[in-house]
Each structure stands twice: as C-alpha cells, then as structure tokens.
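Student: One line per chain: the protein sequences are X and F, in this order.
With the first letter of the first sequence counted as 1, position 214 gets the number 214 in our numbering; the numbers rise by one all the way through.
Counting the second sequence from 1 gives a position; our numbering is that position plus 1000.
These are calculated hints, taken from the structure and not from any lab test.
Take these hints with a grain of salt, some might be off.
[Claimed, not checked] Keeping only pairs whose Cα atoms sit at most 30 Å apart, straight-line, the calculated DSBU-like set for lysine-lysine is:
(1) F:K1168 with X:K72
(2) X:K115 with X:K59
(3) X:K232 with X:K219
(4) X:K115 with F:K1168
(5) X:K72 with F:K1262
(6) X:K158 with F:K1262
(7) X:K72 with X:K219
(8) F:K1262 with F:K1277
(9) X:K72 with F:K1086
(10) F:K1277 with F:K1028
(11) X:K72 with F:K1162
(12) X:K115 with X:K7
(13) X:K7 with X:K67
(14) X:K183 with X:K59
(15) X:K115 with F:K1086
(16) X:K72 with X:K59
(17) X:K67 with X:K232
(18) X:K183 with X:K219
(19) F:K1162 with X:K115
(20) F:K1162 with X:K158
(21) F:K1159 with X:K59
(22) X:K183 with X:K158
Please read these numbers as outputs of a predicted model, since none were measured by experiment.
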Amino acid sequence: MAFLEIKNIETFYGLIYALRGVSLSLEEGTITAILGNNGAGKSTILKTVMGLIEDQPDKGTIEFMGKRIDRKDPEQLVRLGISYVPEGREIFDELTVRENLLMGAYCRHDRAGIKQDFTRIYGYFSVLEEREGQLAGTLSGGEQQMLAIGRALMNGPKLLFLDEPSLGLSPILVKEIFAIIKKINEEGITILLVEQNARMALKIAHVGLILENGRFVMKGKAADLMEDEDVKEFYLGVKQTESAKGYQRWKRQKRWR
Amino acid sequence: MFLQLLVSGISIGSIYALVALAMVIIYKTSEVPNFAQGEMAMISTFIAFMFLDTYGQSFIVSFTGALGFAVALGAFLEFVFLRRAKDPNVLSLILITLGFEMMLYGLASWKWGADQKSFPFPVSDFDIVNLGQAVASHLNIATLFVALFLMFILFLFFKYTKVGIAMKATQQNMIAARINGIRANRILSITWGMSSFIGAVAGMMLAPIATLDPNLMMDPLLKGFAAAVLGGMTTLVGSAIGGYLLGIIETLFGGYVSLQFKSIVAFLIIVLVLCFKPSGLFAKHYVRRV
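Please model the entire structure based on the sequences and the hints provided.
Tutor: Below, the structure is given as structure tokens:
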C-alpha cells in the first residue's frame, strides 16, 4: 500500500481544466519531486490534495495511509499528519517568529513534544532562534521561507508538501534549504516537492515526475531523469552538441500528447 | 469646569471605547463593520432587564445570564447567517449585518415595547466622589474600571493564549491559518461571541445613564464606529484610545461650544480622519495583501 495514493484526479478552476487525470503514489520515506513549466498544474496538485480548492477534485480519489482524504478540509488533513508549505510562504506577518511556530503546533497538545520540536527546528534554522521575538513580516525572504518550513514541521507531520521552496531565493540559500529538506527526509518524513528549479530538486529527490498541461508525461528515478536527453534540454537547460558546421540545423521538438 | 467635563468625557469615552473594540474585533477578522453591534448589545441589555424586572433575579444572575446570552447571540448570528453566505463580498456581509440590526430592533420593540424604562443597577449614578474641583459618580468610576479591566483581559488574551494568537493569525491570513489546522470558522464564531459580549457590557453600563428603550445603542454605536475610525479600524489599542478621545472631545465641545451640536462632532471627526489619515491615527501602515 502506498503512503499517499492519488488516483486519476481531475481539477477545475471554474471553467479551466487544470488537472486532466493525475495519478501518483508516494512511498513512505522518500522525496518525490514534481517538475514542470509555469501553469502546468504543479501547485494545483498540492492545493487539490490539501482541500484548498473548493469542491475539487472533480473526479478521482486520494488516499493517505489507506484512508480516503479527497475533498476534506485542510483543518482535518493537518490533524492526520500532513503539513503544507504554501507557495509564497504565507507566514503570519504580524506575529512574532515564535508565535508563528506555535501556530504550527496548533493541533498538538503534548507540551514536551512541542518544546522538543522547537529545539529541533532551531537546530535546523539557527536564524529563527536569533529572531524569535521579531515580527515575521520583518524577516528577509529566505528567513521567511525557513520559518514557513519550520512552522509546517511543528505540526509533527508524517507527510510534508513543499511548494516551490526555492522561489525568489539566492542560489546559496537555495542550497542551504535543500540540504535541510534532505535532512528532514532522512529523519523519516515523506516529502512531496514541487519545483521549478529542476536541477536542485532532482539532486535530492528519489523519484521525479514531469507534469505538462495537467498530465504527467514522465516518471522515473531522479538520477535517471537527470540523464534523460529531453529532460536535460527542456528542464535542465543543457545545450545539445552542435553539428560539425557549427550550427544546429534542427530544433528538438518534444510534445507529449 | 474643564476637569468636570474631562471626567464625564472619560466616562462616556469608556463606553465608546468598548463599542469600538467590539466593532474592531469583528472588523479585523472578517473586514465587516458590524452595524448590528448596537442592537445586539441592546437586546442583551433587555435580557438583563427582563431577568431583573420580570423574574426578579439578583444582579449577579441577571448580568451573567445576559452576558451569556450575548455570547450565544453573537456566535449564533455568525453560524446561522454569515457562514451560509456563499462567496460573500464585503458589501453583502454588511447588508447582512444591517438586516440583523433591523431584525433585532424589531424584535426588541415587539417584545418590550418602545416606552422608556429605567434600568436598575447596583452602582448609583447619584453618589459622588470628590476629585478636587470635579465630582465623579460611582457609576462613572465603575464604568471606567470595568472598561479598563476588560481591555486588560483582552490584552492578555491576545498576547498569551493559544486561541487569542490563533485569532490574530486568522485575521492576518485565513488560508495560512487553515493549513495550520486552525478551524477558521470556529474562530469566527468565537470572535462574534466575544464582540457581542463586549458590546453587551457597554450596553449594560450605558443603560443606567440613558433610558432603556430599543434606541438605546443607536447613538453609541455610531460614536463607537467613529471612535474606531479615529483610532484605526485595524488596531485594538488604537480604537480604545479613539473611544476615549472621542468621548473627551465631544464632551468638551458640548461644554464650551454648543450642546446642541455635540453629536455632530463624531461625524465631523469621521470626515476629517477620512480626509487626512484614512487608516486612523494609530494604525500601522500595513497593507493587507489582496
């Protein structure tokens, strides 16, 4: 039994047909990366699973540890052990860093465990401990991303969704954050990662999937995807070798349809 | 003269501050100025009157009962009406609150009639304390202390309790609150209950000064709203200070300039604030993301 099993979900945004039958199964303890262009529907998958789009998925089922979770409210999902780091962080600007983290542990009642998680998260992100009493809105973008991840971890999740953790961060920070994502995974949290930064994502992921126009077009081990010619050209930006005459006579066209 | 006016200004200001707080608490969570606030408080005051007068209960029983009713009423209105609104925008929610206002007003007129009643109160408005050149009635002092006490409790609530912080979190970012497992709907109900409670306290402190009839809270509601605009609709502290400022300004105006035109001061203040500092005197310049 897969840890998270998404079967053939279809999602509409009003009249827009965003997900056209997406299936996905996550193994426990892995990092899975979903790659794709803008507007492919990557974030929509996460939002649909989290129940953030009203009355969606239109079709299909989602199971988490053998239980149906499609069309449930986010409030219920969080209590099942699913945490979500939304795109664009969505922290509470006018709460302090500590209060933000405390809100992450809103559903928990074990004081000792919460305290332990505070130290654990301050271990990952020491900046947060330094800024404990500061209003979260005054943090830099990278710190806010760390806070968003930290807040999601405070829930003590079994499954963590990350939506574009690298968005708008400097390359060094991206590296730092991805290293921590890997560490979090090694401590036993299953991760589903949605990313534009394909290279970084494939480096830490076990499994990679490529989404185009609301459908998965490719799935494979992350290492294999890194070597794939098409993925290289379209997502990793590696140029093909030119011809002997010094220019490329043809353009690779790849459409999956 | 000045000191005496100041004393009455602070006393009535306490009531405006409470009404302003009640409005701001709801406004911050749902961006709706709740125009039914006054009528909710008025009905709760009538409930207290009913306990006291009709059933002859003690003050403690009556007031606790009325406050309990206020909380239930607030949560009920939110749960039964506002939550059912499909894809609500601010305008339609405001209309819903106006609808409540009329419903509650009609209900009170029907149940208790439009004649003026005097509201019994354990603290007298006629026993006075000398404060140098001014005198303050026991009721003035009680009003001030009750208001300050409530504000202090609110401060502690928002600063140190989990629900209080969750309430602030919901106010700032509803989606983010939900994905952290905060039941936003429940928070809204609690907000309405709390706000209704505070409004009811204001109503019950006002009733012994004014006379109890269905128009009891009409004027204070507008003043409280003006106070909230003056202090800033998004800050609790600001709106409380706004209440006191408005009370003092209004009373001074009544004393030195014109008693007849006292009431227009509030509206003048709304206009001036909207012209010069629309966010209110004490609001931090924080633009909510759309």
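Student: Take the hints in turn and mark each one as holding or not.
Tutor: Going down the list of hints, with the structure as the test:
A threshold of 30 Å between alpha carbons decides the hint, and for K1168 of chain F with K72 of chain X the separation of about 24 Å falls inside it, so the pair holds. Using a Cα cut-off of 30 Å, the hinted pair K115 of chain X and K59 of chain X is violated, with the two alpha carbons roughly 41 Å apart. Straight-line distance between C-alpha atoms of K232 of chain X and K219 of chain X comes to about 14 Å, which keeps the hinted pair within the 30 Å bound. With a C-alpha separation of about 22 Å, the suggested pair K115 of chain X and K1168 of chain F falls inside the 30 Å cut-off, and the hint holds.
This hinted pair does not check out: K72 of chain X and K1262 of chain F have alpha carbons roughly 55 Å apart, beyond 30 Å. Between K158 of chain X and K1262 of chain F the CA atoms are separated by roughly 63 Å; this puts the pair beyond 30 Å, and the hint is violated. Using a Cα cut-off of 30 Å, the hinted pair K72 of chain X and K219 of chain X holds, with the two alpha carbons roughly 27 Å apart. Our distance criterion of 30 Å between C-alpha atoms is met by K1262 of chain F and K1277 of chain F, whose separation comes to about 23 Å.
About 18 Å separates the Cα atoms of K72 of chain X and K1086 of chain F, which keeps this hinted pair within 30 Å; it holds. Distance restraint check for K1277 of chain F and K1028 of chain F: the Cα-Cα separation of roughly 18 Å lies within the 30 Å cut-off, and the hinted pair is therefore satisfied. For the given pair, K72 of chain X sits about 24 Å from K1162 of chain F by alpha-carbon distance, which is consistent with the 30 Å threshold. For the suggested pair K115 of chain X and K7 of chain X, the alpha carbons sit about 38 Å apart, so the restraint of at most 30 Å is broken.
A hinted pair counts as satisfied when its Cα atoms are at most 30 Å apart, and K7 of chain X with K67 of chain X qualifies at roughly 13 Å. Under the criterion of a C-alpha separation no larger than 30 Å, the hint pairing K183 of chain X with K59 of chain X is inconsistent with the structure, at around 35 Å. A distance of roughly 40 Å separates the Cα atoms of K115 of chain X and K1086 of chain F; the hinted pair therefore is violated under the 30 Å criterion. For the suggested pair K72 of chain X and K59 of chain X, the alpha carbons sit about 14 Å apart, so the restraint of at most 30 Å is met.
Restraint check for K67 of chain X and K232 of chain X: not satisfied, since their Cα atoms lie roughly 37 Å apart, outside the 30 Å limit. Note on K183 of chain X and K219 of chain X: the hinted pairing holds, with a Cα-Cα distance of about 24 Å set against a maximum of 30 Å. A hinted pair counts as satisfied when its Cα atoms are at most 30 Å apart, and K1162 of chain F with K115 of chain X qualifies at roughly 15 Å. Note on K1162 of chain F and K158 of chain X: the hinted pairing holds, with a Cα-Cα distance of about 24 Å set against a maximum of 30 Å.
About 44 Å separates the Cα atoms of K1159 of chain F and K59 of chain X, which puts this hinted pair outside 30 Å; it is violated. With a CA separation close to 14 Å, the supplied pair K183 of chain X and K158 of chain X stays within the 30 Å bound.
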